[in-house]
Amino acid sequence: MKEKKEKLSLKKHKLPTMQEKILDSFCINHTGKMKGMSSVSTCCLENPLCIRNQSTPGSICQHCYAKTMQEMYKDLKNKDVANIELYTKTLIDAKDIPDVNSQWFRFESFGDIFNRTHLENYMRIAEKNPKTNFALFTKNYGVAMEYFKENKCPKNVTLVISSMFLNKPMNIEPFYKTGAFEEGQCKCFTVYDYDYLKKHKEVNINCGSRSCLGCKLCYDRSSDKAPGWGVREVNEILKSDQSKAEGILIVRDSKKVDEIFNNILDLEED
Numbered sequence: 061m062k063e064k065k066e067k068l069s070l071k072k073h074k075l076p077t078m079q080e081k082i083l084d085s086f087c088i089n090h091t092g093k094m095k096g097m098s099s100v101s102t103c104c105l106e107n108p109l110c111i112r113n114q115s116t117p118g119s120i121c122q123h124c125y126a127k128t129m130q131e132m133y134k135d136l137k138n139k140d141v142a143n144i145e146l147y148t149k150t151l152i153d154a155k156d157i158p159d160v161n162s163q164w165f166r167f168e169s170f171g172d173i174f175n176r177t178h179l180e181n182y183m184r185i186a187e188k189n190p191k192t193n194f195a196l197f198t199k200n201y202g203v204a205m206e207y208f209k210e211n212k213c214p215k216n217v218t219l220v221i222s223s224m225f226l227n228k229p230m231n232i233e234p235f236y237k238t239g240a241f242e243e244g245q246c247k248c249f250t251v252y253d254y255d256y257l258k259k260h261k262e263v264n265i266n267c268g269s270r271s272c273l274g275c276k277l278c279y280d281r282s283s284d285k286a287p288g289w290g291v292r293e294v295n296e297i298l299k300s301d302q303s304k305a306e307g308i309l310i311v312r313d314s315k316k317v318d319e320i321f322n323n324i325l326d327l328e329e330d
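If you're matching positions, the sequence shown starts at 61 in the working numbering and goes up one per residue.
Hints were generated in silico from the structure; no laboratory data involved. The reader is advised that the hints may include incorrect statements.
Claimed, not checked - Think about it this way: if two alpha-carbon atoms lie no more than 25 Å apart in a straight line, the pair counts; the simulated SDA-like pairs of lysine to any residue are:
id, residue 1, residue 2
1, Lys93, Trp289
2, Lys215, Met94
3, Lys209, Glu180
4, Lys188, Pro158
5, Lys199, Lys299
6, Lys215, Tyr236
7, Lys127, Tyr201
8, Lys276, Tyr201
9, Lys209, Arg292
Unchecked claim - Label pairs and their in silico Cβ distance ranges:
id, residue 1, residue 2, range
10, Lys74, Glu306, 16 to 26 Å
11, Pro76, Tyr236, 18 to 28 Å
12, Ile111, Thr150, 17 to 27 Å
13, Lys74, Glu106, 24 to 34 Å
14, Thr150, Gln122, 31 to 41 Å
15, Ser282, Lys212, 31 to 41 Å
16, Glu80, Thr177, 19 to 29 Å
17, Tyr133, Gln302, 37 to 47 Å
18, Met205, Leu75, 31 to 41 Å
As the structure is a computational prediction, the values presented were derived from the model and not from experiment. Backbone N, C-alpha and C define an ideal beta-carbon position, used for all residues, glycine too.
Turn these sequences into a full structure, and let the hints steer you where they fit.
Here it is in structure tokens:
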């Protein structure tokens, strides 16, 4: 009887498998612009690159929402800290990679890649799940360049190079020169503020901003009619400036102006 109890106790406290750990590392209950998407992240508060970028004058990282979220929500921080150990230390064996039950998936919504092992583990997950559309956002340009000089980017992954500074897009041509990417498979993501947009009419703000699932510019390259097909630049308004800047964008968009005037005429007729 005692032996049976010990066996039951061992079953109850069975350690999770690697597949279970990976599945548990995913975030599937996002709110805000990531609502309806899945992701996996590490902790920006523990990433030396993120810490350095946050103290760089003019850096977009000085406006980091992920830092605020991880400081505010202890469970989120603890999960993302645990993911550092899971993804950055050793390569995950193919047999341990689970099926991803999501069509749209983001690598790093709260942090950045630490090293080559980290990046390669993400690419292994993507290769095992060809029906899922992944986007990897990074400012770790060196690690990404080193890896993609030697490896083709999986067809279901879009590499999104996040510009370090406000109003200054990164040059992503060197990434295309590696031969690792199809047209539009590597994108530059840049954030612009209100003051810059007032003076520069040529900037096309094309990021859906309030809903990644509704926009999919960074994810969907499935056909020549897909939002992200052939698009190299994704531009967003600084979150704190969005309400101020919307007026500028409406005035620049003739279709929106026509729509506003038509609505006014309809109201007058009523």
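Evaluated hints:
no.: 1; hint: Lys93 - Trp289; verdict: holds, 21 Å
no.: 2; hint: Lys215 - Met94; verdict: holds, 22 Å
no.: 3; hint: Lys209 - Glu180; verdict: holds, 13 Å
no.: 4; hint: Lys188 - Pro158; verdict: holds, 8 Å
no.: 5; hint: Lys199 - Lys299; verdict: holds, 19 Å
no.: 6; hint: Lys215 - Tyr236; verdict: holds, 14 Å
no.: 7; hint: Lys127 - Tyr201; verdict: holds, 20 Å
no.: 8; hint: Lys276 - Tyr201; verdict: holds, 23 Å
no.: 9; hint: Lys209 - Arg292; verdict: holds, 19 Å
no.: 10; hint: Lys74 - Glu306: 16 to 26 Å; verdict: violated, 53 Å
no.: 11; hint: Pro76 - Tyr236: 18 to 28 Å; verdict: violated, 40 Å
no.: 12; hint: Ile111 - Thr150: 17 to 27 Å; verdict: holds, 24 Å
no.: 13; hint: Lys74 - Glu106: 24 to 34 Å; verdict: holds, 29 Å
no.: 14; hint: Thr150 - Gln122: 31 to 41 Å; verdict: holds, 33 Å
no.: 15; hint: Ser282 - Lys212: 31 to 41 Å; verdict: violated, 18 Å
no.: 16; hint: Glu80 - Thr177: 19 to 29 Å; verdict: holds, 21 Å
no.: 17; hint: Tyr133 - Gln302: 37 to 47 Å; verdict: violated, 23 Å
no.: 18; hint: Met205 - Leu75: 31 to 41 Å; verdict: holds, 37 Å
The structure fails hints 10, 11, 15, 17 (numbered hints given earlier, in ascending order).
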